[in-house]
Structure formats: C-alpha cells, structure tokens
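> The primary structure of each chain is shown beneath.
2 protein chains.
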Amino acid sequence: MGIIIQKFGGSSVANTEKLEQVAQKIIAEKISGNKVIVVVSAQGKTTDRLISEEKEITDNPSRREHDVLVSTGEQITISKLAMLLHQKGYKAVSLTGWQVPIVTNSEFGNSRIRYIHKATILDLLSSDNIVIVAGFQGVDENLNITTLGRGGSDTTAVALAANFEADRCDIYTDVDGVYTADPRFVKNVKRLDKVSYDEMLELASLGAKVLHNRCVEIGKKYNVPIFVKSTFEKNNIGTLISNEKPLEDLVINGVAKDDNISRITIVGLENKIGKTYELFKLLAENNINIDIIVQAFGETFIKNITFTVKMTDLNRTLKILNANKDKLNCKEIIHAENLSKVSIVGVGIANKPGVASKMFEALCEKNINMHMISTSEIKISVLVDIEDAPNAVNTIHEKFFK
Amino acid sequence: MGIIIQKFGGSSVANTEKLEQVAQKIIAEKISGNKVIVVVSAQGKTTDRLISEEKEITDNPSRREHDVLVSTGEQITISKLAMLLHQKGYKAVSLTGWQVPIVTNSEFGNSRIRYIHKATILDLLSSDNIVIVAGFQGVDENLNITTLGRGGSDTTAVALAANFEADRCDIYTDVDGVYTADPRFVKNVKRLDKVSYDEMLELASLGAKVLHNRCVEIGKKYNVPIFVKSTFEKNNIGTLISNEKPLEDLVINGVAKDDNISRITIVGLENKIGKTYELFKLLAENNINIDIIVQAFGETFIKNITFTVKMTDLNRTLKILNANKDKLNCKEIIHAENLSKVSIVGVGIANKPGVASKMFEALCEKNINMHMISTSEIKISVLVDIEDAPNAVNTIHEKFFK
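Chains as they are written, first to last, in the numbering used here: chain A, 629 to 1030; chain B, 629 to 1030.
Calculated directly from the structure, the hints in this document are not laboratory data.
Heads up, some of the hints might be wrong.
Same chains, same names: a pair is fine if it fits in one copy or spans any two.
Below, computed lysine-lysine pairings styled on DSSO-like, alpha-carbon distance capped at 27 Å [as the list claims (entries may be wrong)]: (1) Lys-683 <-> Lys-716; (2) Lys-849 <-> Lys-822; (3) Lys-683 <-> Lys-719; (4) Lys-683 <-> Lys-653; (5) Lys-646 <-> Lys-673.
My request is simple: use the sequences and hints to build the entire structure.
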C-alpha cells in the first residue's frame, strides 16, 4: 500500500461544485487502496482578493504580515475539503503548514522548505485518514507563518512526495498534461506522455507555465515521479515527468515562448579579468534578474556582452548601467525592446545535427528576423520581435511536429 | 508604564476606513505611554460568509474543521491591522491564537481557555511593539485550532488582561457603554458610568448583549476593570465594569428583555427526594438549556415545577419529557409559548422594599399580564407575552428612570 500525493490548484477548487469533482478524484485513489495526502491551493481568486484588500491598506506590506494574510486562503480550502469528504463517509483531517509542520526558513513570501515533520501525517494515515495539507505555506523556527512564493503549492506537494517517498505525485490542473507548445496560440499541439525533469525545467523557464521550476527541481533531486493531469477530464493519463530517458527518435519535446523581453548590449567593455563579474555583480545587487547572457569577443582588449532582462526591468537596468558607465569603462550601452524568446527543448539537442538549422529554416521561410541566438545542451533559444513570436512558434512547431 | 488591552469587535473593523479609526485609538493609547495588546474579531460579516459557504458543503460540519475554517476571519484582521500600524510608523506584530499561544481544551466551537503563554507577547512588548492578537481562537494541546464560541473575542481580551495584570481592558463596540435598557426600543435610556460585575452578568444574561457572560465572569474572578466604549465616538468615557460598590441611592441599574422564551410546567411530580434531580438530569443529558426554575408546592406528596427554555428548544424538550412521563411519574406536562422575560437588575434590590411592587405596578397600569415571577438578590424577572414585551420594558424603565 503506497502513499500517493494529489495536488489541486486554485481553479480546481474554485467552488463547491468543483470541490465535489476533487473529492471524487481523492476517493477513487483511496478506494484503490492507497494512503492519500492531498495538497490544495486557495480557492479561485481568493488570494487575488486578499491582495487587493491589502493594497487598500498599504503598497508596501510587511512581508511577515502579508504571509499571515494570504495563508488564510489555503486554510479555508483544507477545512472545506475535509468536511466534504466527511460528508461522503470518509475520514479526513486538515493540516495547515504549521500543523504538519512544514518548517521553512524565514524568507517571508518566498521561503524555502527546510524539513517536514512526518509523525503527525503518518499517525493520521495509519488511522485511515485522508490527510489534507494546505499548500504554499509553512512555519519558520520562531513560529512565524511563511509562504513559499509562486508555484508554492506544487512545491509543497512534491516536497511531501519526496519526504514520504510517495509512489507518485499527481498535480491536477486545468490542462491535461504538458504539450509540445502552448495550445492557446499554437495549432496541432501534442500532449507529451513523458518528459524528463531537465526538459520540464527548460520548458517551465521558457514560459510553458504548467509547473513551477522549484517543484521540478525537488522532483529531480529526490526522483519523484510527477504526473500532470486534468482535474476535470476523466481517465486522462496526463504527462509523466521523471528521469526516464527519452526515446531515441524524439528530437524536440516542445516549443515555448516568453514575451516582453529586452536585450541590452554593453559595447566595448574592457577585456580585463573581473570586468564581467563587476557588471553582473552590479546588476545582482540591484535585484535585476538576467536571463540569457551572450558574449562576443571583438578587438583584443575590448569585448561586447549582450544579455536579456524583462521589459519591466529595462528602464531601471539602463539607469543603473548609465550611472556606472564610467566605472564599467565601456564605449556604449545599446538596447532593443519588445522582443520574445522562442525556444525548442529536447534532451540531446546538442548531439543531433541539423536541429538548429531546421529551426532557423522555419523562421527564415516566414521572414522572421532573429535578434539573438543562445543554445544549451537541451535547448535552443532565439529572440524575435514580439509581433513575430506567435508565428515563429507555430512555424517551428509545424516543422518539427507535422 | 502599564499594559492596556483594547478589543475591537467585527463592526469596528469591518472595512479599511473603520480600521483607520481603530488604528487611531490604538496609537493614542501607545502615545500616552502604555504597552498595548489589541484583540480583534473577524471583519464585519466575514464569519457569517464563511459559515454560509460551509453550509453549501454540509449541514453537519466536523467541529474541528469548522474551527479551522472560521478562525481564518480573525487572522485576516490581525495582519491588516498590523500593516496599517506599520504604514503609520508604528511597530506592530500580529499573533494568531496558536502563536501566542492561547491554550484551550479540545471542545471545538466552544473551548475554554486553559492558560496563556506570556513569553512571546512580553518579548514583543518589551521591544516596543503593539501586539495584535486574533480574538475568539486558541489551540489545544494536540495543536488543533479551537474557537471559544459566542463572545469569544471579548473572552480573549479579558483573559489576556487577567493574565498580564493589565491596568484596563477596553472593549470597543458600536455602543458607547452599558445602558439602563436597550436603546433600540426603549425611550430615554441612560448610560451607566459604572456597573458591578454581578449586575453586568445579570444584564447580559437578560438579553442586553453588550458583553458576553464568560468575559464578565473572568473579569470578576481576576478583578479586571472592563471599560465598554464606542469605537466611533471621540472622548466617550463608556461604562466601567468593576467590583466597585454601587451608590446607595441607585436602586436599579437596568431593564432588559429576552425574547422567544417558553414555559413548561410539570404538574404533579412526585414529591420524593431525587425526583427533581432526575428531571433536570434528563434535560441536561439532552443538552437542554434551562433558564429560570420555579417550584411551587401543592398537595403533600406532589409538587409542580415550572421552568423556561428557549422557543428553539421547546419541541425537543416536550418530546423528551413525554417520552419519560411514566418514569417521571407526573400527572401532566403543560406549556406556554412565545413569551418574553422582562427583568430589572440592581445590586441590593432584595433589600429595597417596594422595588418589586413598583415594577408590578408599572405592568398593571398597562394591563400587561405576568405569566411567571422569579427574583434573586439583584434581579426581578417576569414573563410576559412577547407582543407585550417592548411596552413592558418601556413602562418599567419610565417608572424607575423618569
């Protein structure tokens, strides 16, 4: 008799009717003989509502108090779901983050899990209870309520799966798996039966927001099989994320895009040891999140460095760079706005000749200009104008998956 | 530098605008040099909303899960109030029941406080924080969330005042004190400057719902001076509830009514030791709450016992009594419905000749029929028809306070 973790997101628990469907999924797993730990998010727009109420009070809330406020959302869901399971004749007990406890560091709003106590949950499971855990939240060692940040409930679920050596961690969501591209704007997308942790990490970071990176990282570290499934479709098998090797003939697993990117080039940075470090230290100190970095050597003693930041960070970044232009000792700072990053992901791309050229061919056929190219072991990214991005994704997808 | 407890009820914290006024009251107390512990309820109709959502799921919720659900209401208020005080430049930290912790027994939905740990709050106070505690909630020794039942936030406030030997416990509400009668339906009511714990207990139990009995009982036991004040009027002095002796010339302190009472008479109960006990044991075992009991002896070996129960309990009570009629060995069970209890309260009523007759005179003048009379050291109650009750209260109030 194994332990199964089931996680249901906000849209899956949005109202009583949807909670009914969630209860059915839980009961089915219970009936099949498994011990079940359920992780839930706040219902529907609850967290948004709490945050908008918070904004009435202050634009700059204490992060500790913010966590006290928003953690009520999941607490409401766990109690309702437990009641619903009782109503259907099943034993169930809800646990908040501090009741488990899920102990985190004190980084309010973006805490990392330190450890999860097992005794309370094991006791409840052994007395035949379905255990319902509030996602997204924990408690620090001074008994302050903490939250795990974006994708926090997924992280809770996979961390529990790792901790209890669960047979599976099922992430129920409003899509029925991971696709070769975003179905909202790409035609003929295909659901993947399997994807590796690394591919999923690249896909997630590229804007295919099915799962947050942190939960995939934990899954990879502890080798937790993660299934992404739909809450509302019956008998869907979903996508399995695991360390299984991909089939040899599978070249790329997905096409993704990430909008609102800007590109900055530091022209003529002095080619001296420490200069590059100095540049990125400056940006890190100012909390500027850098994505791709490309360095192209030019003349002997100078170099150009190009990197991307989100459009929302562009003005701040330029201001910081220009204020430090003398210190950096560079010739010029130029930038391009309103770009999208379009990427293909697949284990072994680096070893497959012709994958990059096939991607570039697709773009060329549609006259789409590439502003930057960056490659890794399992990914090739290009920057294109934001207006070209949907077309780019579609044409690349068609080229590889037709 | 003393400790002051300030408690603000649901209507006082209903929205951001009202929280602003609450913040002003807190800051005024802080500026005057006191250490301040604030207790708050859930905002406005939050608890009602949660309960109506609960009813969508089940009519018979697990009491443990019910407490998990409703305790979120106060948690929302404490975080918002802390943020608002930060916004105004004050140090403030929120604490849920389990963070204090306020340790209760495990009677979910109606828990009793066992003890309150002082260390966390004392630490926060000594580092100049305003401490904001969630009212109404606690935690049992197995780390389950509990709630204190009706009037729970008042109980939290007075219990904290007792525990920290506070100089005062200020209960802020939407009325500016305790009145000689309910201002909503009695003319020319007067606010009382002072009232004793015992009088307040009688007034509260008689339907003057300014404070719940439990908090007054704790106040009396630990001699906590309780001020009832208005959140929204400036400079109101409110009513002080303490053990101060009343002025000699003050005959009655208030007139109160309690609606929806029914009267049951057990006619011809065998006059044998143990029969009365048997009767009330039966009712207690069935959780029937008895208010007034009056016994009138009749023939030598039988007696009549009359008592009152709430209208909502009437049918259940009659059913239980009739099912046990043979066992009780009584002649008849009769009852009267839709009555109100109208009472006058004042320390020393028993020693003041003419008080009862003055009350009866007032009722007689208006042709109001009395269905039962019961007196104690500090109270005289009569049952009247529910339609007569407002008239009864007004005419009695006029007689004593004109």
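> Check each numbered hint against the structure and report the violated ones by number, ascending.
none
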